[in-house]
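Could you build the full structure based on these sequences and the hints that come with them?
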Amino acid sequence: MENKLSGFGLDPTGVERRTFLEEGESSPKQSLYSLSLSASLYLACFHLLSLKLGFILLLLSIYKMDLDLSAPHSTGTTIIGVTYNGGVVLGADSRTSTGMYVANRASDKITELTDNVYVCRSGSAADTQVISDYVRYFLHQHTIQLGQPATVKVAANLVRLLSYQNKNMLQAGVIVGGWDKYEGGQIYSVPLGGTILRQPFSIGGSGSSYLYGFFDQAWKEDMTHEEAEQLVVKAASLAMARDGASGGVVRTVTINAEGVTRKFYGGDTLPLWHDELEPTNSLLDLLSSSVPEPMST
Amino acid sequence: MGRMTELPTKGGFSFDLCTRNDMLLKNGLQMPPFRKTGTTIVGLVFQDGVVLGADTRATEGPIVADKNCEKIHFMAPNIYCCGAGTAADTEAVTDMVSSQLQLHRYATGRESRVVTALTLLKSHLFSYQGHVSAALVLGGFDVTGPHLHTVYPHGSTDTLPFATMGSGSLAAMSVFESKYREGLTREEGIELVAEAICAGIFNDLGSGSNVDVCVITEGKTEYLRNYQLPNPRTYISSKGYTFVKGQTEVLSTKITSIQPKVEAVEGGDAMEE
Chain A
1 MENKLSGFGL
11 DPTGVERRTF
21 LEEGESSPKQ
31 SLYSLSLSAS
41 LYLACFHLLS
51 LKLGFILLLL
61 SIYKMDLDLS
71 APHSTGTTII
81 GVTYNGGVVL
91 GADSRTSTGM
101 YVANRASDKI
111 TELTDNVYVC
121 RSGSAADTQV
131 ISDYVRYFLH
141 QHTIQLGQPA
151 TVKVAANLVR
161 LLSYQNKNML
171 QAGVIVGGWD
181 KYEGGQIYSV
191 PLGGTILRQP
201 FSIGGSGSSY
211 LYGFFDQAWK
221 EDMTHEEAEQ
231 LVVKAASLAM
241 ARDGASGGVV
251 RTVTINAEGV
261 TRKFYGGDTL
271 PLWHDELEPT
281 NSLLDLLSSS
291 VPEPMST
Chain U
1 MGRMTELPTK
11 GGFSFDLCTR
21 NDMLLKNGLQ
31 MPPFRKTGTT
41 IVGLVFQDGV
51 VLGADTRATE
61 GPIVADKNCE
71 KIHFMAPNIY
81 CCGAGTAADT
91 EAVTDMVSSQ
101 LQLHRYATGR
111 ESRVVTALTL
121 LKSHLFSYQG
131 HVSAALVLGG
141 FDVTGPHLHT
151 VYPHGSTDTL
161 PFATMGSGSL
171 AAMSVFESKY
181 REGLTREEGI
191 ELVAEAICAG
201 IFNDLGSGSN
211 VDVCVITEGK
221 TEYLRNYQLP
231 NPRTYISSKG
241 YTFVKGQTEV
251 LSTKITSIQP
261 KVEAVEGGDA
271 MEE
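Which chain is which? The protein sequence lines are A and U, in order.
According to our numbering, the first sequence is numbered sequentially starting from 1.
According to our numbering, the second sequence is numbered sequentially starting from 1.
These are calculated hints, taken from the structure and not from any lab test.
Hints are supplied without guarantee of correctness; some may be wrong.
When the alpha-carbon atoms are kept at most 25 Å apart in a straight line, the in silico SDA-like pairs for lysine to any residue are as follows [said to hold, decoys possible]:
id, chain 1, residue 1, chain 2, residue 2
1, A, Lys167, U, Tyr128
2, U, Lys179, A, Phe264
3, U, Lys179, A, Lys167
4, U, Lys179, A, Gly248
5, U, Lys67, U, Gly206
6, A, Lys167, U, Ser123
7, U, Lys67, U, Gly240
Below is the structure:
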């Protein structure tokens with residue numbers, strides 16, 4: 001396979017399963033009132049969340065835990081979601097930072113919600129992980145009750161409900177992307193504050209600032225899968241070149257009617273941009289020998 | 001019947017004394033420093049399982065409170081957890097989750113899985129919004145294979161093949177980044193972990209003393225307490241210390257008899273329902 005340094009040797013196509021519930025087979029039952037179920041799910045979520053989180057919110061808001069809303073837009077990431085003819089491509093960098101230290105240089109920011117819906121996470125790692133866990137749990141139940149795969153719109157709205165109702169507590173900007181049989185590939189952006197906005201493409205995270213102009217110029221409707229993937233990888237690597245809080249490797253997830261494909265682009269496969277130098281005398285050369293040789297000038 | 005004030009049961013922290021503390025600080029009181037584990041903790045995945053490592057110094061501000069504390073906590077027979085941050089928090093949260101795991105084992109009749117411990121820890125820490133200052137390296141071997149995770153005080157987790165936490169994490173990570181590779185053998189894994197911990201011990205002021213190692217493989221866990229002792233006490237006085245009886249000088253003596261405050265009455269009334 002590729003060299004050992006890029007991405008820890010973990011199988012990049014393997015999805016790390018962090019399940020809220022125990023994994024198990026459940027056969028969705030046929031349901032006659034799917035629409036009303038969705039509606040009742042929204043209400044149930046509202047109540048459940050209000051009860052569960054409302055109390056904590058109340059306590060903590062009293063004791064001055066308010067989010068500083070004048071803080072920078074998003075933190076430490078570049079996330080991208082793009083539709084093409086047939087599905088969506090989601091992409092992200094892999095850097096998780098705590099202050100100035102990179103806590104994880106090969107993290108996976110694209111998390112599964114259901115088989116056909118994934119979410120790119122940016123902002124506070126803890127907040128987005130918890131939101132993803134809750135939404136995965138709700139969607140699992142919803143899928144059972146509905147009797148068929150959940151739609152991307154439902155998934156995005158569940159994320160939005162959590163995000164909006166706890167806006168004072170959370171620092172989470174996400175991009176929900178997926179494919180369903182009704183609307184095909186869809187991208188929904190749920191930034192800080194809890195707006196939901198369906199877009200043909202979306203960017204988020206601190207590195208996205210450097211991509212607005214790029215996408216204005218490079219985006220076009222009805223791309224092929226290859227074009228979309230190349231666009232996402234190029235954009236991510238451009239943002240990683242300029243944003244200190246983004247870096248590492250690029251991970252992409254393609255979702256279409258056939259299913260889900262994960263791809264991994266190691267740091268050395270990404271193009272070099274203006275003033276970026278070729279790596280020389282790097283560990284990549286030293287590691288090939290068993291005894292580390294002293295670096296030569 | 002006395003009046004009972006109805007108060008809803010409160011969860012979480014009580015911040016009632018915060019204003020009092022602020023006032024005390026303003027009046028010049030020195031807050032006692034809580035004991036932190038300055039710490040270097042590491043974990044790595046090798047071909048047969050995981051190896052966890054930790055130093056053994058516990059600090060209270062600039063003072064070493066415990067020269068040989070145990071930072072690798074038991075969670076389950078096949079899962080151990082290293083803890084950095086406030087010592088009380090790491091102890092309490094690992095003990096709590098360890099108990100929950102045991103109850104879960106009784107309920108399910110199965111060996112605990114690492115992701116179970118992970119979910120319990122992360123949901124507890126998230127609900128306390130980072131005030132429970134526990135940064136953990138959780139490692140174990142279950143039916144699905146070896147796992148290594150880091151858990152941060154705010155409740156986020158990472159899954160990694162090698163991980164370091166604590167004040168000495170940068171020193172230890174530099175060792176791992178240079179020398180880690182996939183498919184290490186057990187001896188190589190233990191040696192690399194010991195080397196990483198030593199990097200933390202010698203280069204970080206918050207870490208020191210000895211190296212603890214824990215190796216978890218399928219069906220077997222070895223807790224190598226004090227695997228390395230790179231900081232022996234080099235000078236021990238050969239004479240020792242002797243205290244002769246009567247050596248302490250008595251300056252003055254004052255005897256105060258205890259006044260009886262309660263009168264015990266013989267007999268008295270019989271107790272009535």
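Original post:
CA of lysine 167 of chain A to CA of tyrosine 128 of chain U, is that 25 Å or under?
Top reply: 17 Å, holds
Subject >> Restraint status (C-alpha distance of lysine 179 of chain U to phenylalanine 264 of chain A at most 25 Å) >> reply: 23 Å, holds
**OP:** Below or equal to 25 Å on CA atoms is what counts here, so check lysine 179 of chain U against glycine 248 of chain A.
**Re:** 19 Å, holds
Original post:
Does lysine 179 of chain U pair with lysine 167 of chain A here, judged by a C-alpha cut-off of 25 Å?
Top reply: 43 Å, violated
Original post:
Does lysine 67 of chain U pair with glycine 206 of chain U here, judged by a C-alpha cut-off of 25 Å?
Top reply: 11 Å, holds
Subject >> Pair hint lysine 167 of chain A and serine 123 of chain U, alpha-carbon separation not exceeding 25 Å >> reply: Judged against 25 Å, a Cα distance of about 19 Å means the pair holds.
Subject >> 25 Å Cα cutoff - pair lysine 67 of chain U, glycine 240 of chain U >> reply: Satisfied, since the Cα-Cα distance of roughly 21 Å is no more than 25 Å.
Hint 3 from the list above is the single one not met by this structure.
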